[in-house]
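Model the full structure from these sequences, guided by the hints.
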Amino acid sequence: MNTRLLPAGRGRRIAALTAAVVLSVAFGATTPAGAATTGGNPPDSVQDALHNHTMGSQVARHLGHRTATVPVSFGPLAAVYGMDVSSYQGNVDWQTAWNNGGRFAYIKATEGTYYINGYFTQQYNGSYNVGMIRGAYHFATPNTTNGTTQANYFVDHGGGWSADGKTLPGALDIEWNPSGAECYGLSQAGMVQWILDFSNTYHARTGAWPVIYTAQQWWQDCTGNRGDFTSTNPLWVAKYATSPGTLPYAWTFYTFWQYADSGTFPGDQDVFNGAYDRLQALATG
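Position one of the sequence shown corresponds to residue 1452 (my numbering), numbered consecutively onward.
Hints listed in this document are in silico derivations from the structure and should not be mistaken for laboratory results. A hint or two may mislead.
[As the list claims (entries may be wrong)] Pair by pair, the computed Cβ-Cβ distance ranges are:
1) Y1727 / T1681: 20 to 26 Å
2) D1679 / A1732: 21 to 27 Å
3) D1672 / T1600: 21 to 27 Å
4) T1595 / N1542: 28 to 34 Å
5) T1681 / G1582: 30 to 36 Å
6) G1582 / S1638: 41 to 47 Å
7) Y1727 / T1693: 19 to 25 Å
8) N1551 / S1613: 24 to 30 Å
No experiment lies behind these values; they were computed from the predicted model shown. Every residue gets a Cβ at the ideal spot worked out from N, C-alpha and C, and that includes glycine.
This is the structure:
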């Protein structure tokens, strides 16, 4: 079930997706950019048609897919494993995800100002009910409306936050444009301002700074390494490899790492950089 409020000029309303294409890949393998997505997500063409894009969909489109159980580089270091899901995962079996070691989840709430995840309530409450710490994310489309407008839309449709130790700050998913100019037609300075407006509005509405999800290459190309969000916004880096690699400017450490787009858990595979009590602290504020 998807809820879509398509902007004017985007064409007719498209029926809900009835089947997803799943690609099975060996552990640690990477498949070419542009191939079908994994983790229960449909191909790029379907996501484009539905105007409903998953976190990392454009990372995979540009840099390739990866299936993995755990990121090799962690070994015995403190880490907490989790996942991010969208409507394409439907009614998630959260108990199985918990039994497999998942302790946190991010759920897609919105995209632009035209899409609301129709499965959000089941996914958000279901993950909480089995004991996970959970949060919501917003897929940004800076070419449709400004950062302030999209932050308000996100908060109004599931992206809020409370200092209860079980709710993670909302996440801004900022990656390549699914269609059109890769940086959404914004200048590098304009992109930094868009992100800043979103971040400031979210903080004013909720009292928390949003997590910023992005890839180093996109950040370099589309912000020109301008702006410094390190003192306010936790970093969620996307890197489908055995290590997170070079971080976007000017972060010196990451809070989350999305290391594969399929694996043990539903949706994308993520890890928190720290012990469980630090994850709880992030959810407490």
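### Query
Looking at the structure, which of the earlier hints fail to hold?
none
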